[in-house]
Every structure is written in C-alpha cells, then in structure tokens.
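Asker: Chains as they are written, first to last, in our numbering: chain A, 1 to 178; chain B, 1001 to 1156; chain C, 2001 to 2184.
These are computed hints drawn from the structure, not numbers from a lab. Here the structure is a predicted model, which means the values were calculated and not measured. Even for Gly, the Cβ is constructed at its ideal location relative to N, Cα and C. Please note: incorrect hints may appear among the correct ones.
[Said to hold, decoys possible] Here are a few chain A residues that sit away from chain C, every Cβ distance over 12 Å (derived from the structure):
1) Q8
2) T40
3) L49
4) A57
5) L107
6) L144
7) E149
[Unchecked claim] Pulled a few chain B residues facing chain A out of the computed Cβ check, cut under 8 Å:
8) V1017
9) V1064
10) G1132
11) G1138
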Amino acid sequence: MNECERIQESIGRWLDGELNSAESERVRAHVGSCPECRATQQKLEKIELALRSDLVAQAAKLEFAPFWRALERRISEPRPWYQEWRDRLGVAPRSAWAVPALIALLLVLWSFDSYFPGWRGGVATRSGFAAVDSIDAHGHNVALWRENETKTTVIWLYEDQEGEHETAEEAPKSGPAF
Amino acid sequence: MKRLKKHLSLALLFSLVSVAAVVRVAAADKDPQSVQVTIGTILVSNQSDEFDAKLKSMEKQLRVLKYRSYRLLKDETQNVPWRGNKSFEIPGGRSLNVAPQEFRNNRIALKVRLTERDKPLLDTTVTVPNKGNFLYLGGPPHEGGTLVLSISAAVQ
Amino acid sequence: MALSDWELVQKCQAGEMTAFQELVSRYHQKVYVVILGLLRNREDALEVSQETFFRAFRKIGGFQGGSSFYTWIYRIAVNLAIDAQRRQKRNPLDFRESMDGLLESQDEVARDPFADVHDRELRENLIKAINDLTPEHKAVIVLRTIEGLSYKDIGEILGCSEGTVMSRLHYARKKLHDKLSAFL
C-alpha cells in the first residue's frame, strides 16, 4: 500500500476528528501537498455538506406544537392488541427463532440415542426396567418379580420340579423373601 | 435481501435438522456389531451377615431379595457377536448361554438359556436397557446358599 | 437555569408531563432529521419520529442514566427506522414520490438563507446512492454527517464497537465517493 492509499484510508477519520495528534498532523501535511488526496477530501466534504443541508433544512420546518399535539394524542389513546404484540416481536426479532430452535434442540436430543447409542457414558444410567418377553422353565416353578423403586427385575427359578409338592401349603424350600 | 436469505437459510437448516431427527427415530436402530454382556455370579444366603463391597453398585437392587449375605463369586464380560451367542460358566456345572436378538429404542433383546450339565433349566427372552439396569436370574442352589446371576448388556 | 436532560428524565419518571414535553422539544428535530436521512420519506419519517417518542415515554421509567438521554433516544429512533426500512416495499412509484418530495424541497433550500446552493444532479444521485446503502451503513453516515456524533456515541446507539463504526463509515464513504465522483 503506497502513502496515498494509506492516507485515503484515514481521511474520513481525520475529518471526523478521530485521529490522534500525530496521525492527524501526518494526514494534514500529506493532503496539503497531494492534489489527489486533497481532491478526495474535498469530494467527501461536498457529499456530506449536500446530505446535511438537504436534511437539516427539512428538519427545521418541523414545528413543535403540532408534533407535540399528535404525540399527546398517541400517548393517551389505547393501543390495539396486535400492535402491542408486533412491538414486542419487533423489539427482539431474533427471539422469534427461540421457539423453532427449542423444538429442533428437543428433536435432536430425542434422536441422539439413535445416532450415538450409549452416549450417556460408561456409568449405566439405571433407567428403565429389564423386561421379560418369554419364559420356559422346563417343568420348574418360576417366579417373575419387579420392584418399582429400584427398577429391579428378577426371574427366580425354584429348585423343586412342578408337581413334587402334594399341597399348595408346602412352599418351595429355596427362594427369596419377596 | 441478505436478511431474507439469512432467515431462509436458518429455516432450511431447522427443517433439515427436524426431518433428520424424526426420520432417524422412526427408523429401526442399526444392528450393532456386537454386544458386551456382563454376567455377575453372586452367592446369596442367610448364613451370615455380609455384603460384598464389590457389589456396592447394585446393593439397592440385591437387597430386595431380602437375604442376609451377598458375595460376588465371579464377574465375567464377553463380547457376543450380533446374531451369535456366547456361554458363561456358572458354578455347579452350569452354563448360561446368551444370544443377542434385537436392538431397538436403545434396548437389547437377549435369548438366555441356563443349563445344568447340558440339561436346560430355563429358556427366556429378555429385553434389557442398553448400559442400563441389570436383570437378575436366581434360584440354583450352591454351597448352602443360592446363586443369583446379574445380566447386563451394552452394544458395541 | 435550564434543567439537564437527566433532571428532566427524573421529573418524567416522577410523573411530570411538562418535563417530557421539554425533552421532546429539545430533540424532536434532531430525531426527525436522522430518521429522514434513513427513510428519505417525510410522512414515514414523521410517523417513526412520533413512534420514537411514544416508545421513549413508555420506557422512560426504566431509563437509569447509564447512557446519555440523546444516545438512548437515538437508539430507539434508529432501530425503528431500520425496521421501517425493512418493511418498506420500495417500488419505482414510491421512490419517485420520495424523490419528488425531496427535490421539491430543493427550491425551498435554495430560498433558505442558511443552506448552500447544490447541483440538482448531485442531489438526485446522492439520494440514489444513499438508498443503495444497507440500513446499517446508512445509519452510521447519517449519525456522523448530520449529528456529528463521535464513533463512541454512534457505537453506543447502534450497539456495535467503535471499530465497526469506523469500518462501516469508511465503506459508506467509499461507496458514495465512487458513485458520485462524476458529479463532484
């Protein structure tokens, strides 16, 4: 980048008074001696003068009294409900994306196990019962028990064969005290 | 225009994410390569009051059996190939054969057979949560107490 | 002795409507000129100016003086103006109407003893060039040019850093310079 290009990058800030004194002096000195950079400075000033005079002149015509009367009316009038909601949404338009983003996040979490089975890590989550779909005890007595608090499922196989005890009162010899 | 494009891109991304999530959940789980099955052989009895420290993690579940003594005899883990099967040696000439059947909704269906000297004692099909709660299979007598087998599985 | 803006705000917060009226009288033209610079349409600019002060009235209870009153009111004004620009469905008819409105004012400007006389072509093309800027770039150039605000104040109003203000201003000026060179 040559000196003119460097100076032209800084002319705007120089005109705005945003350069420190050393930088400001450097730009001023260069612009004073460089016709091209001086032309750039003058064009920028002309543009901004044109913009300013156009707008400031129009603003000067805005009278306070009618402006205030209209504002007072607006303040005292009740606002329609849809305008209230439009204002709230307009204030934070990005928040409108919060709901779909939350739905997407919930769907991703819901499907996470499908993509990454066991993602919850090495320690078992201990969630959910083990279920027993079918049992064939080949003639033995068998009991199936589930305990809700600890989510424990137990299949208990009794030592004695079916029919070995003559009466229902004679309980099997082995077995937990469920 | 830029703002419209930005919002359209975000809307498209959101739609793709939602569709992918829904389709994935709706589809059946892919078959895993193998299942890591862990069988714990626990001797329970009322002959003494002891609780093996190695069984601490499953104390709450075991205590529902209301025995006084709990001792871990053996803890064995094997990788069982999907659609294959593996046998676990159980004291007293017994054997537990485990064959994974299905993996769906993060739960593993297992076919389990307990045999004693090659004689089937129990055939059961169970579904356990992947890396989740154990299933307990108890009853075979051993050394004055009773064997309880803890069965758990994790897909690989 | 005139009350400061902050003293007037405190009186507003205490329920004195006359204090709010005084604030409006101090800033209504400043707010209007910035909005007009962004919207380039007098009716829209008036509407948005009214809305700015209406919102300020509703929110003044929460104003704690963390920033100056004028940067606070400009922030409301610029945000509303940028929203209005995005809602505006510009078509050639609207554009011409707004241009006619502004060109009509040129004769008035010519008669205005405080304004310089400017080339009609420059002003027509200036309006087009300004309209081609994004709302954010328009905002920095208007706030700097019309109100002479510092980069720090502009950053506070627009909710961006001074560096962003600087780069947006540089970009906007370069665009205007490139488009209007032939007329300067």
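Asker: If a hint holds in the structure, say so; if it does not, say that too.
Answerer: Status of each hint after checking the structure:
With 12 Å as the threshold on Cβ separation, the claim that Q8 (chain A) sits away from chain C is violated: the shortest Cβ distance comes to roughly 9 Å. Consistency note on T40 (chain A): stated as away from chain C, yet its beta-carbon is not over 12 Å from all of that chain's, at 7 Å minimum. Not every CB of chain C is more than 12 Å from the CB of L49 (chain A) (nearest about 6 Å), against its label as outside the interface. Look at A57 (chain A): its CB is around 5 Å from the nearest CB on chain C, not clear of 12 Å, so calling it non-interface is violated.
Non-interface call for L107 (chain A) relative to chain C: holds, since the shortest CB-CB distance, roughly 30 Å, exceeds 12 Å. Separation of L144 (chain A) from chain C is adequate, the least Cβ-Cβ distance of about 64 Å exceeding the 12 Å criterion. With a least beta-carbon separation of about 51 Å from chain C, E149 (chain A) lies farther than 12 Å from that chain, consistent with its non-interface assignment. Residue-level restraint check for V1017 (chain B) holds (minimum Cβ-Cβ distance to chain A is 5 Å; threshold 8 Å).
The beta carbon of V1064 (chain B) is positioned within 8 Å of a beta carbon in chain A (closest approach about 5 Å), and the interface hint is therefore held. Because the beta carbon of G1132 (chain B) sits about 5 Å from the nearest beta carbon in chain A, less than 8 Å, this interface hint is met. Nearest Cβ of chain A to the Cβ of G1138 (chain B): about 5 Å, under the 8 Å cut. The hint holds.
Violated hints, listed in ascending order, are 1, 2, 3 and 4; each of the other numbered hints is respected by the structure.
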